[in-house]
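Trainee: Here the protein sequences come in this chain order: A, B and C.
Number 324 marks the last residue of the first sequence (the numbering used here); no jumps.
Number 293 marks the last residue of the second sequence (the numbering used here); no jumps.
Number 314 marks the last residue of the third sequence (the numbering used here); no jumps.
Hints in this document: simulated from the structure, not taken from any laboratory.
Small disclaimer: the values here were computed from a predicted structure and weren't measured.
Where is the CB? At the ideal position from N, CA and C, for every residue including glycine.
Wrong hints could be hidden among the right ones.
Stated by the list, open to error - Label-pair ranges, simulated between beta-carbon atoms:
#1 A/R240 x C/T3: 54 to 62 angstroms
#2 B/L96 x C/D269: 29 to 37 angstroms
#3 A/R57 x B/L126: 30 to 38 angstroms
#4 A/A187 x C/T3: 55 to 63 angstroms
#5 B/D60 x C/G75: 54 to 62 angstroms
#6 B/S188 x C/G75: 52 to 60 angstroms
#7 B/A55 x C/D49: 44 to 52 angstroms
#8 A/P283 x B/S188: 48 to 56 angstroms
#9 A/E203 x B/R187: 53 to 61 angstroms
#10 A/D81 x C/G206: 22 to 30 angstroms
#11 B/S188 x A/L319: 31 to 39 angstroms
Said to hold, decoys possible - Covered stretches of chain C (in silico footprint by chain B; criterion: 3 or more residues with CB under 8 angstroms from a CB of chain B, positions within the stretch not fixed):
#12 135-148
#13 242-250
#14 287-295
To be verified - Below, in silico cross-link-like pairs of lysine to aspartate or glutamate (EDC-like), each with a Cα-Cα straight-line distance of 20 angstroms or less:
#15 A/K308 x A/D27
#16 C/K7 x B/D129
#17 C/K7 x B/D121
#18 A/K87 x C/D226
Residue-level listing of the chains:
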Amino acid sequence: MSAPALAIEHLSVEYATAAGPLHALRDVGIEVAAGEIVGLVGESGCGKSTLIQAILRLLAPNAKITAGRMALAGVDLIGLDPEAMRKLRGDRMSVVFQDPMTALNPVLTIGRQMVDIQYRRREPRAQKRRRAIEMLKRVHIPDPESRFDQYPHEFSGGMRQRIAIAMALMAEPVLFIADEPTTALDATLEVATIELLKALQREIGCAILFVSHHLGVVAELCDRVNVMYAGEVVESGPVRPVFQRPQHPYTQRLLACDPARVHERTRHLPTIPGDLPDLVALPPGCVFADRCPKVFEPCRRAPPPAVKTAELEALRCYLGQPAS
Amino acid sequence: MSAAASTAKPAAARRAKSALRRVLSEPLGLLGSLLVLLAVLGAGFAGFLAPDPIAMAPIDRFLAPSMDHLLGTDNLGRDLFARVLYGGRIALVVSLGATAASLLLGVAAGLVAGYGPPWLDNLLLLIFDALKSFPTVMLALALVTLLGPSEWAVVLVVIVANAPSYARMARTQTMSLRHAQFVEAERSLGAGAGRIIASHILPNIVGPILIVASMDIPVVIAIEAGMSFLGLGVRPPTPSWGTILESGFEYIQDSPWAVIAGGLPIIITTLGFTFLGEALRDTFDPKLATGPR
Amino acid sequence: MLTYAAKRSGLALAVVMVVMALLFVMIYLIPGDPARVALGPRASQALIDELRSRMGLDKPVWVQIVDFYRSVLTGNLGNDVLSGESVLTIITGQMPYTLDLIFGSMFWSILVGIPLGCLSAMRRGSLVDQVTAVLSVSVIAVPAFVIAVYLLLIFAIGLQWFPAIGAGDDPLDRAYHLVLPSIALGLGWVGYIARMLRASILEVQGENHVRTARAFGLPEGKIVFDYVLRIAILPTLTVLGIGIGQLLSSAVFAEIVFARPGIGKLVYDAIVTRNYPIVTGTVLVTTLFFVLVNLVADLMIAWLDPRVRRSLHR
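Hey, can you work out the whole structure from these sequences and the hints?
Mentor: Here's what the structure looks like:
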């Protein structure tokens with residue numbers, strides 16, 4: 001049984017701010033087995049970006065990992081020195097970000113950028129060029145030999161995203177992090193991009209951490225899913241039970257509010273009333289208590305621990321637990 | 001309606017006060033404000049603070065600073081402190097007047113270019129670009145050849161040097177506002193071009209241009225001093241910091257004091273207005289940072 | 001690239017035509033009779049008329065305009081009123097000294113300004129950064145001629161480390177004479193470039209494509225010099241381009257303060273002696289130089305940054 005592609009346990013990250021430490025991530029646990037596709041869903045502000053930056057160890061200067069363990073295919077990431085960490089990036093783990101229009105350097109040809117990221121390989125330039133063109137073919141960029149010497153602004157948004165995916169998968173990483181890769185694309189492009197991802201993943205066999213707030217796409221693409229809220233993983237498990245029989249009230253509301261589920265014409269899209277809690281001055285109890293429709297007495301006393309249930313790997317909610 | 005109007009004024013005053021506080025809390029903003037205040041007060045109270053700047057006393061030429069002559073005397077025995085303070089009047093009046101004139105002409109031209117027909121716009125743009133192509137010093141030399149040296153030559157040079165930038169800014173803003181929804185609404189209500197420009201477009205574009213203009217003040221002061229230094233601006237015996245520096249330079253082998261006295265106020269005011277301008281810009285609109293002169 | 005170059009050059013040409021038109025308007029508006037002024041109050045009318053017809057002043061306006069354009073385009077900028085020499089020859093004779101000054105000043109701004117800008121950006125918030133920031137703003141604010149006079153006072157006359165007069169003979173002597181004047185003119189640009197570059201670098205570093213480059217593990221050095229600087233240096237190049245053109249005219253201050261020969265001194269003396277052909281010739285040449293340098297700078301930028309080639313209106 002090989003080591004999981006990504007194993008995060010009890011990860012906590014803080015930002016130092018003028019108002020005090022901001023607890024962006026608290027006791028986060030995520031596991032992605034080798035070759036598995038795991039989803040990460042949550043609204044803006046839930047800590048998705050911070051988590052990705054933490055995995056890459058590219059956190060802002062005022063951010064600090066205060067607790068926890070992170071391992072990539074068994075290699076501890078937190079204790080690694082910056083040079084060793086840099087060697088992992090783009091080689092054993094790679095990323096595609098949300099906005100394809102700004103992800104590539106505008107004054108260098110895409111070919112130049114694709115050759116640059118292969119700097120680790122001691123190969124003649126011609127061979128790196130060939131590999132890059134081959135990869136462009138695999139992501140269905142038409143006429144790659146001549147487009148190799150073009151600039152990013154000469155490609156459409158959808159094509160740029162495919163180029164970014166090509167760059168990320170060229171090194172055949174152990175873990176591929178997709179940070180909302182289709183959010184900036186229209187629906188048809190999204191479908192095509194997801195199909196592409198599925199095909200490539202089958203060929204290459206990498207594990208994918210797929211971050212998105214498009215619940216439908218996550219349901220289709222992922223084997224398992226983690227639901228995050230305000231810096232915590234509140235529910236985690238295989239895709240079917242989580243999406244069909246959600247146990248955490250937040251997940252339930254999230255699914256209910258998904259615009260894809262709205263089938264009648266209405267003036268008001270369903271929302272979750274209230275705001276995100278203050279992450280500097282955290283409430284004493286469950287972080288969702290103020291907005292939870294099913295809040296009851298124990299919720300406000302202490303944050304619920306992550307508990308394993310019959311169907312789920314982790315659930316942070318007093319409701320799902322036997323009364324103590 | 002009246003309740004809203006009566007709260008509008010105090011709100012604006014409060015915003016101004018908090019902006020002032022922000023500017024003064026920055027060390028450079030504070031320093032800049034103090035320097036500018038020093039210059040303005042010096043120029044304003046010149047009559048009380050100093051003796052006659054034109055009185056010559058050839059016996060007392062090239063004196064070092066003393067209680068009688070706080071900055072010493074120049075080659076004609078004139079009190080340098082007095083000349084510096086009175087020179088401040090010229091500097092401030094000419095600079096502020098010239099800036100105001102550039103603003104008026106520039107914004108007006110920009111409004112016309114932005115709101116008028118395309119052919120007019122292209123023609124004006126070409127004129128703006130051509131005017132900006134004249135290096136300032138050469139322009140000053142050429143205009144003075146034409147008009148002879150005077151404060152008006154300085155004002156004209158400042159206008160030609162600065163107005164095109166304001167015009168371009170006004171034009172760009174006008175063009176983007178021209179098709180804004182609220183303008184279309186006004187047009188559909190039958191408002192004429194003049195009214196639209198005056199009451200709707202102008203108030204919206206004026207802010208950033210004013211900030212840029214205030215940051216140009218030290219440049220205008222430098223233009224006045226520079227032109228006077230070259231003998232192209234204010235004529236003697238009227239004291240201008242440039243002429244003080246120039247006559248000091250002529251006699252630099254005899255005495256350093258006129259040079260020191262002439263240069264010092266220029267340094268103080270240009271630094272002061274620059275620091276203050278930067279602090280103002282940072283307070284009101286940091287996006288304006290960096291822009292070639 | 002070629003279409004952009006053609007369009008941009010066309011624009012420059014249009015600007016030059018308008019500049020020449022404006023110049024002609026200025027010449028035409030010179031009050032008084034240039035011939036009378038040149039010959040003095042005691043000259044006879046016959047002599048004045050002869051000079052007038054020699055200067056072409058008796059022809060109708062539109063003929064004068066055409067003549068003006070025609071002579072400028074064939075390189076004839078008229079003749080010196082006093083010596084009869086071709087104005088163009090005189091100007092080109094004095095240009096090298098001024099060009100020395102311009103490139104000397106630019107030398108400082110590149111040698112000191114660019115590293116300072118990079119350093120400030122990489123050590124953001126440090127003491128180096130803060131001190132550089134205040135000094136940069138200060139040298140930009142204070143006019144160059146004031147700096148020139150103070151440098152003269154302190155280092156040439158006071159301490160006598162550098163010469164106070166002239167341009168020097170052999171290359172080493174010329175460099176020696178260049179030190180103070182080029183610092184006086186260049187100091188402001190050092191500050192300006194350091195500031196601009198710092199701001200550019202910081203701005204580019206925050207952009208998403210730099211995040212991508214980091215996420216692919218590219219070495220930091222390569223990121224800064226190949227990816228960030230390549231973009232960040234572009235506004236600085238524009239500024240340098242404008243600077244060269246502007247230095248040509250502000251060189252007059254350094255030439256007067258340090259008693260150097262050059263274009264500035266030439267035109268300054270010409271005004272005093274009412275030598276109009278020299279004045280207009282020099283203004284024309286310097287303005288054309290300015291337009292040309294801006295054109296070259298713009299084309300270089302378009303070559304380096306492919307995105308610029310799309311738009312022409314800044």
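Trainee: For every hint, state whether the structure bears it out.
Mentor: Taking the hints in turn, this is what the structure says about them:
1. Checked against the hint of 54 to 62 angstroms, the pair A/R240 and C/T3 passes, with Cβ atoms roughly 57 angstroms apart.
2. At about 33 angstroms, the beta-carbon gap between B/L96 and C/D269 stays in the expected band of 29 to 37 angstroms.
3. Between A/R57 and B/L126 the CB atoms are about 55 angstroms apart, so this pair departs from the stated range of 30 to 38 angstroms.
4. Distance hint for A/A187 and C/T3: a CB-CB separation of about 36 angstroms, inconsistent with the stated range 55 to 63 angstroms.
5. Our hint of 54 to 62 angstroms for B/D60 and C/G75 holds, since their Cβ atoms are close to 55 angstroms apart.
6. At roughly 58 angstroms, the beta-carbon separation of B/S188 and C/G75 lies within the given 52 to 60 angstroms, and the hint holds.
7. Separated by about 49 angstroms at the C-beta atoms, B/A55 and C/D49 satisfy the suggested range of 44 to 52 angstroms.
8. Separated by about 52 angstroms at the C-beta atoms, A/P283 and B/S188 satisfy the suggested range of 48 to 56 angstroms.
9. A C-beta distance of roughly 60 angstroms is found between A/E203 and B/R187, which places it inside the suggested range of 53 to 61 angstroms.
10. In this structure the supplied range 22 to 30 angstroms holds for A/D81 paired with C/G206, their Cβ-Cβ distance being about 25 angstroms.
11. Hint check: B/S188 to A/L319, Cβ distance near 57 angstroms, so the stated range 31 to 39 angstroms is violated.
12. Here the region 135-148 of chain C counts 8 residues with a CB under 8 angstroms from a CB of chain B, which clears the bar of 3, and the coverage holds.
13. Under a criterion of three residues with beta carbons nearer than 8 angstroms to beta carbons of chain B, the stated coverage of the region 242-250 of chain C is upheld, 6 such residues being counted.
14. Coverage of a stretch by a chain is defined here by at least three residues with a beta carbon nearer than 8 angstroms to that chain's beta carbons; for the region 287-295 of chain C and chain B the count is 4, and the condition holds.
15. At roughly 15 angstroms between alpha-carbon atoms, A/K308 and A/D27 fall within 20 angstroms of each other, so this suggested pair holds.
16. For the hint linking C/K7 to B/D129, the alpha-carbon distance of about 15 angstroms falls within 20 angstroms, and the restraint holds.
17. Note on C/K7 and B/D121: the hinted pairing holds, with a Cα-Cα distance of about 18 angstroms set against a maximum of 20 angstroms.
18. Our distance criterion of 20 angstroms between C-alpha atoms is met by A/K87 and C/D226, whose separation comes to about 19 angstroms.
Hint violations for this structure: numbers 3, 4, 11, all remaining hints satisfied.
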